[in-house]
Structures are given as C-alpha cells and as structure tokens.
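Residue numbers (the working numbering), protein chains in the order written: chain A, 861 to 1305; chain B, 11 to 330; chain C, 80 to 715.
What the hints contain is simulated information worked out from the structure, not anything from laboratory work. Check each hint, because a few of them may be wrong.
Okay, derived cross-link-like pairs now, DSBU-like style, lysine-lysine, Cα gap no bigger than 35 angstroms in a straight line [what the hints assert, rightly or not]: (1) C:K568 <-> C:K106; (2) B:K125 <-> B:K308; (3) A:K1247 <-> B:K308; (4) A:K1005 <-> A:K1059; (5) C:K702 <-> B:K208; (6) A:K1247 <-> C:K120; (7) A:K946 <-> A:K1005; (8) A:K870 <-> B:K246; (9) A:K875 <-> C:K656; (10) B:K125 <-> A:K1192; (11) C:K123 <-> A:K1284; (12) A:K1263 <-> C:K106; (13) A:K864 <-> B:K266; (14) A:K870 <-> C:K106; (15) C:K659 <-> A:K1240; (16) A:K901 <-> C:K459; (17) A:K1251 <-> C:K620; (18) C:K702 <-> A:K1284; (19) A:K864 <-> C:K657; (20) A:K864 <-> B:K21.
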Amino acid sequence: MPLKALDIYKLLPKKNCKECGDPTCLTFAMKLASGKGDVTKCPYLDEDAKVVLGASTRPPIQLVRVGVGELRFGVGDEFVLFRHEKTFYHPTALMISVSDRWTADEIRVQTRRVASDHLVRVGADLRLNGIAIRNDSGSPEAFGKAVAAVEETATHLPEVLMATDPAAQEAGLASCGHFRPLIHAATMETYPAMCGLAKKFGCPLVISAPDLATLSDLSKRCTAEGVARLMLDVSPSSLADYIPAATLIRRLAICRAQPEFGYPVFLDATRYGNQDTAIALGILKYASVIATETLPPATLRAALTLRQNIYTDPQKPIQMNPGLYPIGSPGKDAPVLMTVNFSLTFFTLQGYLESARVPCYMLIVDTEGLSVLTAVASGKLNETLVKESLKRFDVGSSVTHRKLIIPGYASPLSGRIEEETGWKVLVGPRDAAEIGEYLAQEWKS
Amino acid sequence: MTDGGSDWSGKIGEVVLGATAADGGTRKVSYRVGGDDDLPFLGGCTSGHRPLVAYEICDDPGLWPQIVRDYCGDLVNDPASWSKAAEREYGADLIRLSLTSTRRRGFSDFAALGKTVHDVLHATGLPLIIEGSNDPQIDSEVFQQCGEAGQGERLLLGTAEAGRYRSVAAAALAYGHGVIAQSPIDINLAKQLNILLKEIGVPLDRVVIDPYTGALGYGFEYSYSVMERIRYSALKGDQDLQVPMISAASDSLNIKEVREAEPAIRDEMAVRWEFYAALPAIVAGAAIVVVRHPGTVKALRDAVEKMWPGEVTANAAQGA
Amino acid sequence: MPVVTFLPGYRKATVSEGGTILEAAQKAGLQMNVVCGGQGKCGKCIVQVKSGRFSFDSEKFGRVFSPEEIASGFCLACQATVGGDVHVIVPESSLIQEQKILIEGLGIETEFNPSIWKYYLELTPPTLEDPSPDLTRLLWAIQKKGGPVAEKIYAPLEVLQSAPRVLRDSGWRVTATVALVPGGYRLIDLEKGDTSKNLYGAAVDLGTTTIVVYLRSLVDGKVVGVASNYNRQISCGEDILSRVNYAKKHGLEPLQELAAESINQAITTAANNASIDRDDIYEVVVAGNTIMTHILMGIDPAYMIEEPYVPVVRRYLTTSGARVGLEVDRDAGVFIFPAVSDFIGGDIVADILSCGMAEQEEITLMVDIGTNFEVVLGNKEWMFSCAGAAGPALEGGEVLFGMRANPGAIERVSIDPATLTPSYETINHEKPRGITGSGLIDILAELLRACVIDRTGRINTSIENRRIRTGQYFPEYVVAWKGETAIGKDIVITENDIKNLIMSKASVLGACITLMNQAGITREQIDGIAFSGAFGNYINKENAIMIGLIPEVPIERIRNIGNGAVAGANIALINRKKRKVLDEIARNIAYVELNAESSFMDEYTRAAFLPHTDLGLFPKVEKFLDECRLRSREHP
Ligand code: SF4
Ligand code: FES
C-alpha cells in the first residue's frame, strides 16, 4: 500500500520551516505521497522516518544501461506490477539476432537493416535497439569475427553477446568490450569467469538458471563477485511458464523482499517456436530485453507499436493538436466533421473517413485529450469551445456551407452549438465505423 | 497495490455459452468462460478456462473491411456458409454474427434478421454471439427477433450500454441468453453497467463485460489497462466485476497501417495487427477475443496452445 | 438619444441608438437577471417591448419564445437594441428578486477582545503651574482611564493639528479613540464631549452574489444591525469568471467601486435602521473569496483565472476605509481575511473559524456549495482543502425549470411511489414558477426511491404514467401541471436536467472522497459534516445522502453553519486574538489541486451514479433501495 499523505505527514518534523521548499510539512507530505517529492529535502527527518520514507523511494529494480552514445538504452528502474498504478518507464529493448555461422556479408546486411529500421508513429520514433550476436558455431574465433563484423558496420549499436563459453565471450569482448555490450549469460558453472569478464570490461551481465531458486543463488554469488549490474534470464522451458516466473520476479523485486531479484529480466524469444507470442508476452510481462530473430515487416510494426502502447503513461491521454485536418483533397463544399483531440478518437475517425473515400475536413477541438463521452460529461466539450475552434481555425473560409457534423455522443449539445455558432448541426453516428454510410446517405452540402 | 501473490478473495464467475442437446439446444459444443481465481496465466490450468477465439462475420458486407471481403470472397455474402468456413477452415471456437444490416439508415426488415440467425445456427454447431443494432429506436425489435430465433441456444447478445440496456436485457431474459455489457474504456463505467443490469434482474452469470478495445496503436493502451484493472478488482473481491470479459479490437482492419500496407503483406499486416491486440487482451484477462481476419484465428489458437498447454478441449466439457 | 421607459413604474433611461435594453435597464437602476452576463444564452433577461422601434434577432436568440410571443414583442433585453424611444415591460421574473438571504442570530461564542477603544476624558486645563503639552495631558488621561501606557500611543499629525481646538472648544471634555495597530497603539480620533458609546464595527461577507453586513458595538460586542443586498457587480456578469473578464476589458475600477458601493449600501441600511452614524464605524472586517477581496483591494485578479492560477497575495491585508472607498470613519481599519489559494478564499477561512475545525480534535468535513464548491477536511492537526466547479445545476441553473430561491420556487418535494403524484411546497406558498436546488435534490431522491430513474438517472420510459413522457429532446417527469403553475406551462424535470444534477453532485462527492483518500480516513471517521452557505440550510439532509451529494454519515452528524463567512468575520471583528490565528489556519490548510490529482477523475466517475457506484459506502441507502425495488416489483 502506498503511504497516504497524512501517514507521511505524521512522520515529518512538523516544523513548517519551509526548508524543503514547501510552505508546510503537510504540503510536502502530499508531494511525497504522489511520488513527486524528494524526501532528502527535509533536513530534520529523524532516523525512523528516514527508514520508512527513504525505503519507498529507492527504485526496487536496478537501472541497467547497455551500449554507449546516443543509442545507449537503460532498462529496469520500474516500480509497479501494473502500468495503471503508475507507469512503466523503460521500454523493452528489442535485439535482433545474427549468428556467427553467417557470412560476414550476411551479418553486415542484417546489422545495417537493424540500424536503419525505424518508423514514426504519433510523433514518436520507434526503433529496434540493437543486435544479439549468437555463438551458434561454438567457436570463439568465429564469434570474435562475427562481433567484429557487427562492430565495423555499426559501432554505435548496442549489442548482446550470446555465448555460453567464457572463451567465446572473451573473443567477442576483445572487439566491442568498451562499448558496454550485454553479456549473455553466466550460469552456475561459468559465473566466476563471466563475472571476471563483466568486471574487466564494465559490462552488464545476464545470469541464467533453470529455476528461480538457482537464479536467486546465482544472483547472490555474482553480486558477491562484485558485479553490480545484472539481468535475469529465467529461461522458462515453455511460454506457459514465462508469465508466472516473470511475474514472481517482478513481485519479489518491487516488494523488496529479495534484493537478488531486483534486476531487469531478459527473454530469448527464439526458443519457443512461436516468436510473435514470445515477443508479445515479453513486452507485456516485464521483459526488459528481448532477443529475437529477424522480424518480418508486419511483426516489426505491430511489436514496436505494442511496446509503445504498453510504455505510455496510462494517466495521460495522448492528445492531437487541435486544428482543421483535410482528408483527401476536400473542396469548398466538403463536409466538416467535428470531434475531440483524444488521439484514439482522432485516428479511429480518420481511419474510417479515409476508407470511406469522401474528401472532407476534420475539425479537432481541444478537449485536453478527453474522449467525446467524457468531454461531454465533464463539460469540456461545449458550444463555446466549438465556436472558438470554428473561428480559430477559420473553418468558414475553407468551406462555403455552414453545416457541422458532430459525433453522435455529443448530440445533447446540438441545439446549443447551433445557437452559439449559427452553423447548422447534423448529428453523426455514435460509432465511427458508420461514418462512411452516414456521409453517403446524409451529406448534401 | 503490488501486494499479494495469490491471496485473492474474489473469483470470476462462470458464464455458459451455447447449449448442446443435453441442455435443450442444438450446439455441438458449449463453453464455460470465466471461473478464474488468479491473474491470467498465473494459476495454471486450474484457474479458469482456456481463452476462446471468436471469428466475426456479418450480414451486410458493405460495412465490412475491404481486406476481409477480398480475402473471403463470395463467402461474405452468405453468413451461413461463412460461419461454416469459420468453424471448419479457420478453426474458430465460436462465431460472432454482426448484424450490420441494422446499421443502415431506415432499416426495417426485422424478419430477415431472425432468418439470418436461424440459418447461421443451422450451418454451424458452434456457440453464437450476436451483435445487434445500436439504435435505441429499433433495439427492441432487433433483439426480440434475434432472441427468439436463437431460443434455447444460449446465445450471447450484444450490446448493452448504459444508455440502452433494457431491450437487450429483456430479450436475453425472455429467451435464456447472455448479454454483452459494453462500456467506454473505464472500469467504473463497466461496473456501473453491471449494476444496472443486475438491478433490472439480469443475473451476473449471464453477463460478459466488453470494456471496449481500441485498435493496437489507437487506444489499445487504455483498453489493456482497463482490462487489467477489472480483473484485479474482481479478484480483490469486487463482486460487480466478477464476470468474464470479451475483447474485440474491431477497428483493427481499418487503421492506416493495414490500409496502406503494400499489397503483398497486407494480409500479414492485418493478421499481426489483430494478433498483437488480441493476445495482450488475453494476457490482460479477456476470456473471449474476437477477430475478423481468418488468418488471425489460427495465429491466436497456436499462441493460446503454447500458453495453455492443458487439454485443449477440456472446457468443451459438454461437447456432444 | 432614444429614451427607454420601463413599465410598470415608468423608470426611464437614455441610451445611444443601437444600445441594448439591458444597458438602459441598468442605467435605470433595475436589477435584471443576467445569468449569462448578457450573452443571450441564459434566456433569463426576458422583456416585452410594448411600443417603439427595436431590433432583435429571433432566429438566433429566440429559442425560448413561441412565435406568438415573438410577435407580441418578447425579446432578450441583452440582445435587443433600441432604434428610438421605446416602452418596455419588465416581467417580475426577469428581475432579481429578494432572495432568502441567510441572516440568523449567529450563535457565536468568542471572547470579547476588541482592538479599538474609546475613552471619555475630563481633563484639567493647563495652568502656569502645570504647563505640560496638550498631548501629554491627553495620553496621561488615557493611561489613567485604563488605556495603554502613554509612551506606546502614537499620535498622528492630523489628530495633533485638530487637538488644540477640540480640547479647548469642548472645555477639556473629549473622547479619544485608540486603536491597536502593528507595533503599538494609535490615537485615531479626538471628539468633543462624550461619544464613548458610539463605537461600532462592521463584519462583512463579500459574496459573489450577496453582501451581508453585521454591525456590532465595539463597546460590548453586541449586534446592533444587520443588512444584506446583492453584490452590484452582478450587472457585470453573474459568475466570477465573467467579472474578471469584464475587468480585463473595462479595467478594475468599475468593479472595485461597485464592490465598495455594495458594502456601503448594506452598511448604510444597517446603520440607518439602528440610528447609527456611519462615521462611528471604526473597523471593518471582510471575508470574501480570493477574487472578490482582490477586487475590493484594487489588486488585479486576472492571473488567478489562467494557468497556473496564482493570486497576488494570500495573507491577511489591512487598509483604511477611505482608501477602498468605504463610507465609514476615514481612518477606520479594514481587515481582509487571508486566503489559502486562489480558489479557497477568506470566506472559507472564515467558515473554518466559525465551525471550529481548526481548534478541535474531531474530524470535520466542511462543504460549501454554490456554482463553485469548496471542501475542507481536517481537525486541529491537519486540514486538506479543494475546490472545483459544481456547475450551476445544484442552484437551479442549467436545469430547464430551475430557479433560485425566489418566491414561487418549489423547494420541497415528495412523490408517492405508487401513483407517482408529487406534493410540493413553494417559497411563500405562491403558485410554482420553477424548482430550486433543494427541490431538485428532493425530486432526484424521490424518483430514485420510486424506481422511476435508474442509478445513472435515466428515466424508465416504459412505466405507464402520464407524468412520465418524452419531451421535445429528452424523457421527462412532470412535477406540476400547467394549471397549477404561475407560468402557464407544465413544470418538468428532464433526463438532461437529471444528468446535469448528477454531474454536479458527482464533483462534490468526488472531491470529498479525494480528500478522504488523501487523509486515509473512512466515512466512519468523520465526526461531523458542516454545510456552509445558504445551500445547506434548505436541503433535506436525508435526500442529500440518498443521491450521494455527500458521504453517508448519521444524519445527526450533519449540521448547517449557515453563513460561515459572516460568522467568521464577526468573530474576528470582536476578538482580535482570533485574527492572529487566521494566517496560521490559512497556511496550515493544504490545497489539493483536483485537476492535477489523477485519482479525482476516477472518484468523479464513481460518484456519477446514484448515490455512488460502490453502495458499500452508502449502507443505509443500499438497504433503502433494496426495499424500494422489492416494493416496485410487487406493485409494478
Ligand atoms: S523542511 Fe521538513 S520540517 Fe521543514 S517544512 Fe519541510 S518537511 Fe517540514
Ligand atoms: S440571455 Fe442571459 S442575460 Fe440575456
């Protein structure tokens, strides 16, 4: 249970001295309760209070960084089991595999593709995070060459070196060790050597064990060896086991019961004969780094979009910029459809309008990202807003008619909008899917 | 909130879909959905039932995504054979029939609806979900027709919403069907609708929540969390939310990524777009997912098999 | 220039051609109902032009009228412009009427600790033997009378300049007025003869709509007069936002002057009734919302209505009567209550002072409901506050037949669950003209009990009863048939009205619960709910809980503190020690910004159900509803 403002307040010195930057201890407590404050700003906390409050602000899962430079990514540093409780902060990294059995050319082509593949959605740049180099050959030498081939193609791409043999790791690290690749993976048998390498190059280390008890033991041993940045590979034998294992690790980590689980989770998605399923489960359920085979274009788009969805702040609706958006090339007699700037509403309507192939305008009004239903309910969507938006975006000069189609759920406002704007209001369907049909039947400019 | 392993006090109620001969219907199989007493996939196969994949067909393809029309060809003009294909070829667990004809302005051919339902029930032995009108003016007539045509078959009738639930509920109560209760991506509104249904006499073991699912990349993030919250609250003991969920990211095939995909990969894009929303919906707790591209059915069935390794037919306990 | 004559009464005003009838009415001193501030939206400023040229766009603004009405000259005063001399009938319903304004005995208990005193002094005239200066003589006499020691009293130049004449003309019989000021005492007045009884103070509630003034003797603390009137700023817009916008356009002065005039008017009435000279008022204590007090002090409130909503000042302010235009003793001290934030003003601090929250162990939830609402939860150790917009529905706005608490307003309703026939009470027992907030709450609760509406407030239209029907836009329930009313129309409540009411009440309840969550307390831990303001006085407490306006607590724990703002001002007027603690109270109240509090939207949605989504929070209502449902199934 997160502490309530008043519980925290009871622990504060109640001096109201303002040194924390807040006017009173109570307002400071409110800030702490909402996770926005920094306990250390109060110089007068007693030890008890420090223990209680301090503990609840340190991240329960270590932040682990992989790579260097611009494309470096950090994972871990999460606080919750469900994104609706707070948010998930550090998106899952997707690492595309190359094998040391491939020719150097094949490796280069793949590396280049990973480096350049990216897509832009809703203003965000979505991309793959790096390369997983696999020691399929079993030969340290081949592995070293493969790593070198990746390195010379794209030095800046973060890498995972996937080799169980410490000798192979060493060969790989020889060419890329200073770029902080992720080492995969130390086992109960190999951990002393792997820890040595991780320390030598300052790299994060994945540890892998067949069950959680062994993993816990291994984690403790590696920390004892002096490796601070670990990742955990639960290596479930089937996807059926992945969710319970990953969930348990996350749970134990965030309740701080067992600090040895306080590290990000690694998932090798290639092992289960159903890569799409493995990727989806990994993104949803706490995998911080996923290694996969090449992703076909459709999978790539869908997987990156899912990751984007899961790692947005659920409390902040994504908003579109208000404005007048043309669909197709609308003429002066084209219909004008008004709706809100909640991204979901916008894109859904846009989708149906585009497939309806009726050139028209979408008038997006600023409801601060609220959907039609909630915007009507809360009064954010009202006749004044519509009037102002018509004026602000000079809709009157884009079309010659004076008719405005409003969403079906906004029908209670129709009279008031008409009165306020002087435009004739037509109530559209409630379901955007019917907009094509609606326009076909009802629209006469 | 991040407490508790499996110290849940609540359990999702079970809802039965489809009636076999033993129960006075004609379905070859009937399903139980719900029954979970843990978060999805944490309780192993003892918690709840295998998630089901429904394939959605319609009675007026004019309002259906082009890509499905292209893929399925002539089938789309005949709901009965389409449903047969869904069962035999696509491998669906159940069928959802969307009565898109009722969405046409001035629709009035109510008798045709009854006939369509009847034909589909005749063509397939799978349990049937029906998505009716969404216009309060004609709801009563539409649901009455469907309800009657499917009497005794334990259909799942949709969709009840806070502003129009009486007609669906009346038809479900009169003819022994279940009800889909849809609310706009909000746990509290979902709960309120269940309460409204309960208060007019619909028992919650006849209700399935549809929390509304936005397409991947177009609001899916909200739907996902709402489903998680609903499941969580239900397990925490909120009785009004202890009902199974159905998820249909119905807009998936109309979004830009799919429409604008190169022809060569368009079907693949459609399948992935549906898949990457439906599977997460299952992980968030949906007991039934609904898709429109035949290819997605198989992809999902494969995935579910990987995640639910128990006997696949275990929950078709009453199969004939 | 055209002359506009208002009937009945033949008041006249001239306006320039093209001026509105509303402008003319305001010039003529008529207080018209301008709920929307003259935007043509509220339809409350109806007049009928009997003769003369005028123009009115009935296409655009004529929705409230029937074609016959338009034909016979009905129009909205704010939109109709005059083109020559006109005669206009102003229906009574378009005038702001005497409202029930809350003035009660104020059972306040506080020590009498004034900060101003008068001393009647009989001085020995100076002689050659005793040539000490006039001032020394005076101050010594004050000290001897039990006043402050001579060295601590500062005598300003103005008083010294008049002193020699006053002393000698009066034969050394004078009354000295001494006030406590920061850093000591000040001799503020010297009068001939014995005027020591003529020492008064005014406690003022400067509300957005009404002003209430209490005059008290500062010799014994007793009330000598009370008066109230409308805030004359209403002519610049009904709600506070439109007034700030008005100030943006026309400058702050007109509003400042209107505020001062409104107070003056009330003070004058009270003083006249008590036969008191206004110049004998030496202290004025004002509690008002932050925007009102800013305006009165001539401080620009513009930045309070835009993000990030900052007031210029929060702490208490003092000034002199003359500087803000109050017609009292020119040196009278004016004390303005401190505020917590832009939305939690001095009026709320006064509420808290008068309900005692800040001095008790017990946890109080104080709710002040108007178009905006304020909620404060706490006790002497901690207090949380928040504010929000409830919308006007609870006060009868945005409801088709909603009205304020004027004569003819339905204020109490019960409905027979079997026949659905209502019985109602109106203010002054006149024929009904509309429904007030308390009436609306009753109707909502009764319709819920009778199972006419479901818990989202939707009317079950399948019930066969002639009072339930589908109106032009929405289903509705008929409260009074045409024939019973004073307005010749059926008075109904529509589903849309109900929706607005539920949204309003959800904001209030959602805010209460949000504060309870902050504090981590349950409804059982609330020792008392205090309603402040007019609203609480008239509502049926049981029904307020039935619809979930406030959390369910035992009825006996709910009380009305009435006009807490004026009560607090009274306390501060007669007990200076309380003034000291005000700043501290204000500072100790933590303000929760609901818009920034992500859980509020959740709580709001949960509360937008009758009485709440979670009936576990309303166990009594739950039992009651179960019974109602059973009953309605037995007798469908
Ligand atoms: S610094 Fe500490 S004691 Fe001082 S006001 Fe802030 S919380 Fe209170
Ligand atoms: S219509 Fe509101 S003041 Fe005239």
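Compare the distance between the alpha carbons of K568 (chain C) and K106 (chain C) with 35 angstroms, and conclude whether the hinted pair is satisfied.
holds, 32 angstroms
Going straight from one Cα to the other, do K901 (chain A) and K459 (chain C) come out at no more than 35 angstroms?
At roughly 26 angstroms apart (the allowed maximum being 35 angstroms), K459 (chain C) and K901 (chain A) satisfy the hint.
Given pair status - K106 (chain C), K1263 (chain A), alpha carbons within 35 angstroms | violated, 40 angstroms
Agreement of K864 (chain A) and K657 (chain C) with the hint, judged by alpha carbon distance not exceeding 35 angstroms: Holds: K864 (chain A) and K657 (chain C) sit about 31 angstroms apart, inside 35 angstroms.
Agreement of K864 (chain A) and K266 (chain B) with the hint, judged by alpha carbon distance not exceeding 35 angstroms
violated, 44 angstroms
### Task
For the pair we were handed, K123 (chain C) and K1284 (chain A), check the Cα-Cα distance against 35 angstroms.
holds, 24 angstroms
Item to complete: Decide if the proposed pair is consistent with the structure: K702 (chain C) and K1284 (chain A), CA atoms, cutoff 35 angstroms inclusive.
Response: Answer violated: K702 (chain C) to K1284 (chain A) is near 48 angstroms, above 35 angstroms.
*asked:* Given the hinted pair K946 (chain A) and K1005 (chain A), is their Cα-Cα distance within 35 angstroms?
replied: Answer violated: K946 (chain A) to K1005 (chain A) is near 44 angstroms, above 35 angstroms.
- [ ] Sort out whether K1192 (chain A) lies within 35 angstroms of K125 (chain B), counting only the CA atoms.
- [x] violated, 45 angstroms
| message | Does K1240 (chain A) sit within 35 angstroms of K659 (chain C), going by the straight-line distance between their CA atoms? | response | violated, 41 angstroms
Q: Below or equal to 35 angstroms on CA atoms is what counts here, so check K1247 (chain A) against K120 (chain C).
A: holds, 13 angstroms
Do the alpha carbons of K870 (chain A) and K246 (chain B) lie within 35 angstroms of each other, as the hint requires? Roughly 29 angstroms between the alpha carbons, so the hint for K870 (chain A) and K246 (chain B) holds.
The structure does not agree with the numbered hints 3, 7, 10, 12, 13, 14, 15, 17 and 18 stated previously, though it agrees with the rest.
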